[in-house]
Amino acid sequence: MRISTDMLRIAVPVASLLLLLAGVFYLQPRAMSYNGLNLLFNLAVPIALATIAQMLIMAVNDLDLSMGTFVSFVACVAATYLHDTPILGVLVLLGAIATYAALGVIIYLRDLPSIVVTLGMSFVWGGLAVLILPAPGGTAPEWARAVMISKPPLVPMAIIASVLLAVFAHLLIMRSSLGVLIRGVGGNQRSVQRAGWSVIAARASAYALAACFAVAAGICLVGLTTSADANIALRYTLLSIAGVILGGGEFTGGRISPVGAVIGALTLTLAGSFLSFLRISPDWQIGAQGGILIIVLAVRLLLNRLESKGGAR
Amino acid sequence: MNTRTMLLASATILAVAMPALAETSDKTIALSNNYAGNSWRQAMLTSWETITGPAVADGTVAGADAFTTAENQATEQAAQIQNMILQGYNAIVLNAASPTALNGAVKEACDAGITVVSFDGIVTEPCAWRIAVNFKEMGRSQVEYLAGVLPEGGNLLEIRGLAGVFVDDEISAGIAEGVAQFPQFKIVGSVHGDWAQDVAQKAVAGILPSLPEIAGVVTQGGDGYGAAQAIAATDRPMPVIVMGNREDELKWWKEQKDANGYATMSVSIAPGVSTLAFWVAQQILDGNEVPKDLTVPFLRIDQDTLEDNLANTQAGGVANVEYSQADAIAVIDAAK
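Note that the protein sequences, when read in sequence, are chains X and L.
Per the UniProt record's numbering, the first sequence runs over residues 1 to 313.
Per the UniProt record's numbering, the second sequence runs over residues 1 to 336.
Don't read these hints as lab results, they were simulated from the structure.
Owing to the predicted nature of the structure, the values given are computational and were not obtained by experimental measurement.
One should not assume that every hint holds.
As the list claims (entries may be wrong) - Calculated lysine to any residue pairs in the SDA-like style (CA-CA distance at most 20 Å, straight line):
(1) K27/L x F277/X
(2) K292/L x P237/L
(3) K107/L x N35/X
(4) K151/X x C110/L
(5) K309/X x L293/X
(6) K27/L x K309/X
(7) K186/L x D248/L
(8) K107/L x S150/X
(9) K107/L x V147/X
If we strip away everything but chain X, and leave its shape as in the complex, we get (with noise of 0.2 Å):
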């Protein structure tokens, strides 16, 4: 029997996230329960929201460098227009999906470098939320906040929604005709072209799809802090971008996995706590996460090596 690519391309993801479990359960038993599930992983549903927005925009061969500071910015909308006046804020937010959208197009027609155009945008989105939250502050909707914080029976909210995220952006992404075409632009722009169907749309929606799962990050964030910070989740541009590679998603070719993607997504903060729990001084963590990326990049790099010599036997 053979493994199939897309088969081998997750298993990597699967298996790192499961040893880093177990190390984790071996140095602290008490994170074995409900709410040690739950205390592990919750912070990690707006980094993997976050992930898949960063997987569209890579699916279509560009690089979101602003992922970061929208977050940001859409977290300090929640905390202040979302809460105070919703209508205006749904508006805002909408207003911010649109522009994603917008960024998708212009990229496109005038053949710019998404690096770039980004970039320059994580400013703007940094800017406003600035503007929008001076000081730190703002309250949480009450329903982000409800659902962040309730207890499902059995299984934690923070593994329900990674699963809900995981089948769904899955299924968006994988199954849909939507989803195929933003892959199929990533891997050949032009055959796409050729057979009729409009790029400007394809690439419009990933980009408004992506500011889409965005915006539920920012909200979501919002929900477990209570309250926001205009750099509340700078982090989060370097964190999708390792979480999408880590999850077996390429940075070329329309090559993606939603659900590596999200598993990415855990094992990038699991593995946080696991160096925590490892009493790691601060100094070397950094080293030490960049450690356990590079081998499990390694390790997929060699599966994907010997993969290829069977092929080709």
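Knowing the structure of chain X, use the given hints to seat chain L on it.
Then chain L, alone, in the frame of chain X:
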């Protein structure tokens, strides 16, 4: 009879003293810190080690571990706090990356029955204790000191911190309050020194030519030495520059004091405030009633305490003081 009374008395003292010791001897306290990249934070962590080491050794508490996040980010620190909940600490002492963004994690900790004490970088979550700095008073006290040494008043130059930061607004508001209280003073100029000597020196050098004679310079710390350098480069008489406990500032002050009897004062917050927070957490775990809002005492250096403080300050560092259990009890009583 006499012996028996003494024995009885000792037994009573033991009975009173023992439970107080035993109350927290099985408790663990963790320090959650978001940043370690400057001399103030390094001194803060060193003070924590110095004070908690003996406290653990003599059994006052079972453990006092310090954790610093790998990156100065609120989301990182929230995860760190959640990990501490899992590790089963009884109290978390916290210097927060954000006053609000950690509230969710702090609430989780409170709900798990953990005592959370925030200091310096405080959190707004009501279930946590706050050991805050009264920056306003820090600004006001400078003008009060100047009123003492310059009774006839005069013109003041104000050096502010980093624009848009809460601390800068507070200290500046305090200075304005002080000037209103002592109307013989007038602020004739104000520049942003960003709490850095080189920035302050440039800013002061830039504004000096446009100023009348100045009697005093009110500062925010980290900027006094730069101001002194800028003024020394002109032929103006040296005004009274309020210092901010930095080693270079104290050293300059000492040189001037020895050369021409120059007098001023220096005020800032000691990094050892982490140890105050540690003892406050210990007192709360001990079952003592502690008000939720406490104020950090300033570390003020005057003409007669300059030498001692300078001797105890590392090159490039900040004057520091470590707090004892008795100091913490005094702060708590003052707030009641």
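| field | Hints breached by this structure | value | 2, 5, 6 and 7
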